[in-house]
Structures are given as structure tokens and as C-alpha cells.
Amino acid sequence: MNSSSSARSATRTVAVHATRLAVILLLGGFLGATLVRVAPGFGTDESDLDSRLSQQSMQALRQSRSSQDSLAGFYVRYLGRLLHGDLGTSRTLQQPVTQLLKDRLPETLKSVGLGLALAWTLGLTLALASVMSRSWFVDLFGSLLAGVLLCVPAAVMAILFVIAQAPARLVLGLIVFPKIFRYARNLLARTAAMPHVLTARAKGLGGTRVLLWHVLPVAAPQLLALAGVSVSVAFAAAIPVEALCDLPGIGQLAWKAALGRDLELLVNLTMVVTAVTLVANSASDLLGNSARAGAV
Amino acid sequence: MKVARITALAFLVVVSAACLFADFVAPAPYARQFRDVPDAAPSHQHLLGTDSLGRDRFSRVLYGTRVSLLLAPAAALLASILAALIGGTAGFVGGWLERCVMAATDLFLSLPWLFLLITVRALLPLNTAPFTSVLITFALLGCLGWAAAARVICADARTFCQSDFILRARASGSGGFRLLWRHIVPNLKPVLYAQFWIAVPVFILAEANLGALGLGVAEPLPSWGSLLRELESFSPLSSQPWQFVPLVLLIAVVSCFHLAMKKQELSV
Chain A
35 MNSSSSARSA
45 TRTVAVHATR
55 LAVILLLGGF
65 LGATLVRVAP
75 GFGTDESDLD
85 SRLSQQSMQA
95 LRQSRSSQDS
105 LAGFYVRYLG
115 RLLHGDLGTS
125 RTLQQPVTQL
135 LKDRLPETLK
145 SVGLGLALAW
155 TLGLTLALAS
165 VMSRSWFVDL
175 FGSLLAGVLL
185 CVPAAVMAIL
195 FVIAQAPARL
205 VLGLIVFPKI
215 FRYARNLLAR
225 TAAMPHVLTA
235 RAKGLGGTRV
245 LLWHVLPVAA
255 PQLLALAGVS
265 VSVAFAAAIP
275 VEALCDLPGI
285 GQLAWKAALG
295 RDLELLVNLT
305 MVVTAVTLVA
315 NSASDLLGNS
325 ARAGAV
Chain B
211 MKVARITALA
221 FLVVVSAACL
231 FADFVAPAPY
241 ARQFRDVPDA
251 APSHQHLLGT
261 DSLGRDRFSR
271 VLYGTRVSLL
281 LAPAAALLAS
291 ILAALIGGTA
301 GFVGGWLERC
311 VMAATDLFLS
321 LPWLFLLITV
331 RALLPLNTAP
341 FTSVLITFAL
351 LGCLGWAAAA
361 RVICADARTF
371 CQSDFILRAR
381 ASGSGGFRLL
391 WRHIVPNLKP
401 VLYAQFWIAV
411 PVFILAEANL
421 GALGLGVAEP
431 LPSWGSLLRE
441 LESFSPLSSQ
451 PWQFVPLVLL
461 IAVVSCFHLA
471 MKKQELSV
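Protein chains in written order, with this note's numbering: chain A, 35 to 330; chain B, 211 to 478.
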């Protein structure tokens, strides 16, 4: 009975997350379509500059375009295309957006994955060392490093890596690290000061046992929530890093699209990144819920 | 900690004063070119040397800092006002309005910040006059940066609405607007201040990112973003370490904003 009710509850939670994801993407799609539709220059065509066409022909062409592109009609066609996997064609690069994404997304995923791995390894290790060793030196070192990195814009960090000829993929790790370190250190310090942890210490339990059995299980749900947020931070930082370090990912593509005012490409990229971050957030939420249930 | 806060505030005051009086402090206008000395080393005439176009770098740092230091707080103020209006009203009214506002903030917060920023920035004209580009950049930051603060303010307003002193005020006949203006808004002030302080360094860094990508303030008007963009042409062989002065100043100012915030403000 218990297992069936918990399974039902888990299914309901997954369904709620999936619905939320779909609604946010639908709203984001509408917002994106509106941006494309109201942007200055929408509906203009190279034929407008064709001197061989008469005034009447141009007028007729413009009229046919404007009748096709009422806002509601635009939404419906946009969604219809979206459902068929057609994200349109990039105006500046003259290539289907789907193809561009297929080519560039793996590169960004690789950079983001490596950056997150570095950030979490460094951030969590320093936070654990700071809280468990209670050494002021470790805490000061971590805080200073995180404080300085927090004050450097992602773009500048990318430029510095280019100057130093260091591996560009590591930049993302250094951008995400301070957020992870600060949050994890505060969370672990709060958890380590809880009465049950103090009792465990007083009863003579070793540091590793206290950490593994009494601190981490309590902090796990919030650390998992942080994992979801860190994905979003890493994707956002990918734009300046890929643009300035010449990494051929979707961040660089977004930058090129912005400079060329290629809104259709830009909006689709934003939607894809939003979907990825939402899935990451939902997954971390679900894992956090199950960790919380396990801890209880 | 108190000493650190006071030092940080003093540093911010000194930098702000130097920038506000840049017209008197700067040795040359930010756009004036000394064409016979491009890429010059620091000297009595040019304290931080000149850039590749022969413009005095010290003057450009002062004017650039003024643009960022005046307009980032202005953008933060705009974001805080929007957050107070949207979040405060939603928390006070509750019901379907609160649910709609929370859904809107969810949507805003789901979109990665920099992607959203450059998407909306690209929607607006890129080739504009320098002053217009400044306004566009910072207005955009203010208009898009309200969501997280609105969420916090909405939650706080809801808590106040359910508290005893509001119940007593209602019982003594206080109506909707009076309740909001006399009892809820004054209690929301600390949260609003905290959100404002948190937003300023975020917006300074966002402008620097946009500027470094060429999507921020337009030349010849300097800002931290455009000044930092010069680092792209830095070469270890040319050995011009004074090119890093804007970066050092940016790190110092943003650190001071972090230090100047009270611990309880950071935890809001």
C-alpha cells in the first residue's frame, strides 16, 4: 500500500514537472515568436531591393506578406513548424537552425560538462575542507578565491585565458566555482552546527562518519537544487566564453546571431537552452525530493 | 567586519566622487585623440598612457567608471521599483494575480540571463548614438532584472499580509491602499534595499559582459565593458600592464559592493 502510494506520488510529481516544462516552453515560444514578429525589419525581403520589379508588383508582394503574417497566424505557423522539428532558417548563416544546433550543441555540452565537473570538484572540495577542518586558512583561501572570481566578468576571464593560452574550456569551471563554493560552504556550515551533528561529534564519531552519515544526507537536497541552477549559470556563461575563445558552440552562435540581428536563430537558441536548463532543474528537484524522502 | 565595510564604503565614495567630477579631474576629454602618441606608455601627461587611437586612458577610465557607476545603480533602482510594484501587489492581493505573477517570474528565471539579455538587445537597433546605447543597455538591465527580486518581495508581502499587526490594522478599519502604503511598504523597505544592493554589482558585471561582446555602450563613449574589450588586443610581448587598470578597478569596486552589504542583506 505504502509503495503504491509513493509510486503514485512520484508519478504525480513527474507529471507536474513535465506540465510545468511544457507550459513554460509554450509561453517562452509565444514570447519568442512575438519578439521575432515585432522586431524592426521583420517581413522585409531582398525582393524589396529588386529594381526590375515595378511599384505595383512590390506593393502586391508586400500585401501578400502582411496578410500572411498576422500575429495569430504567425504563432500558429511557428508552433506548427516547431512541432514538426523545423526551427526555421538562419538569416545570417543561411542554414537550417536544426542543422546548426546539431553541429554546435555537442561542443557546448562538452564545455559545460567539463566546466561543471571542475567547478563542483573544486567548490565542494574546498567547502568540505573549510567546514570539516575548521581551518581559518582554508576558509580564507576559498573565500578570497571565490570573492575575486565572482568580481571578474565571464568575458574578461575568457580574454585572460586567451592571453595566457590556457585551455578555454576551464573558464566555465572558474565562473561557476564561486557560486558553488559560497552556497555549499554556508549550507554545510549550517548543517554541521545542527544539534544532531553536535551530538554525534560529542559521542566521539569520527569526522568522515559525521560527514557521510549526518551532514551530507541533510544537505543533499539543497546541493542537488544548486546543481540544477549551476547548469543555467554555465550555459549563460558559455556565450562570452565561446565567443571570445573561438569555441564553435551555441554560445558563439548566439553571439553571431545577436550581432547580425538574426532573431529567429537567437530565439530558437534561447528556447533550446531554456529547455535544457529546465530539464536539469526538474531532474535536480526530483532527485532532491527523493533524497529528502530518504533522509526522513 | 565593520572595518572592512567602512573601508569599502569609503573606497566607493572616493571612486564615485572622482568619476562625478571627471570633467575637472580628467586631463583630457574621453574622445580626444593625441594622434602623435598612440599606445603611449604612462607619463606625466598621460597617467595611464594612451590607447591605440591615441586617447588618454586615464580620462577614459574615469568617464567609463562614471557611466557604469551612475547607471548600474539607476538600473538597479528601476529593477527594484518594478519588483516592488509587481511583487508587492501580487503578494498583497494574492489569489490568481499572485499565481500569474509567480508563473511570469518562473518564466523569466527559467530563461538564462545572458541569452535573454542579448536576445532583447539584438531586437533593438545596434547602430545607435553612444548616449542612446547607454540608455538602451541600462534600461534593458533594469527591465529584465526584476524577476528574482519580485519573487522575494511577493513572499515577504504575503507573510506581512498574514501577520497580526495587519489583522489589527484591518480590524481598525484600514482599507486596501492605506494598508499597503502605511503598513506593508515600510516593512518591505529593508528587503528592497537589499535587493537594490545585490542588483548593482550584478548589473555592472552584465554591462561589462555585454560591452566586451560589442553589444553594450557604443564608441566613443567609454564604459567598463568597452574598456575591458581593449584587453583583446593585449599581447604579453607588448608589455603594457597598465591596460589592466580598468579590470583591477572593476574588481575593486564590485568587491567593495559585496563587502558593503551587510551579512543579513546577503542572506535575504
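The set of hints was computed from the structure by calculation and includes no laboratory data.
Each residue gets a CB set at the ideal place from its N, CA and C atoms; glycine is no exception.
It is possible that part of the hints are untrue.
[Unchecked claim] Just the calculated beta-carbon pair ranges, DEER-fashion:
1) A:170 / B:381: 51 to 61 Å
2) A:48 / B:262: 35 to 45 Å
3) B:257 / A:126: 41 to 51 Å
4) B:307 / A:122: 30 to 40 Å
5) A:87 / B:304: 57 to 67 Å
6) B:454 / A:123: 22 to 32 Å
7) B:388 / A:126: 47 to 57 Å
8) B:244 / A:198: 47 to 57 Å
9) B:369 / A:243: 31 to 41 Å
10) A:110 / B:307: 41 to 51 Å
11) B:284 / A:148: 32 to 42 Å
12) A:132 / B:388: 54 to 64 Å
13) A:126 / B:454: 48 to 58 Å
14) B:391 / A:163: 23 to 33 Å
Hint check:
1. A:170 / B:381: 51 to 61 Å: 53 Å, holds
2. A:48 / B:262: 35 to 45 Å: Violated - the Cβ-Cβ distance for residue 48 of chain A and residue 262 of chain B, about 57 Å, lies outside 35 to 45 Å.
3. B:257 / A:126: 41 to 51 Å: 42 Å, holds
4. B:307 / A:122: 30 to 40 Å: 35 Å, holds
5. A:87 / B:304: 57 to 67 Å: Given a distance of about 59 Å, which is inside 57 to 67 Å, the answer is holds.
6. B:454 / A:123: 22 to 32 Å: 43 Å, violated
7. B:388 / A:126: 47 to 57 Å: The hinted range 47 to 57 Å holds for residue 388 of chain B and residue 126 of chain A, with Cβ atoms some 55 Å apart.
8. B:244 / A:198: 47 to 57 Å: 31 Å, violated
9. B:369 / A:243: 31 to 41 Å: 39 Å, holds
10. A:110 / B:307: 41 to 51 Å: 29 Å, violated
11. B:284 / A:148: 32 to 42 Å: 38 Å, holds
12. A:132 / B:388: 54 to 64 Å: Since residue 132 of chain A and residue 388 of chain B have Cβ atoms about 57 Å apart, the given range 54 to 64 Å holds.
13. A:126 / B:454: 48 to 58 Å: Violated: the Cβ-Cβ distance is about 34 Å, outside 48 to 58 Å.
14. B:391 / A:163: 23 to 33 Å: Check failed, 50 Å falls outside 23 to 33 Å.
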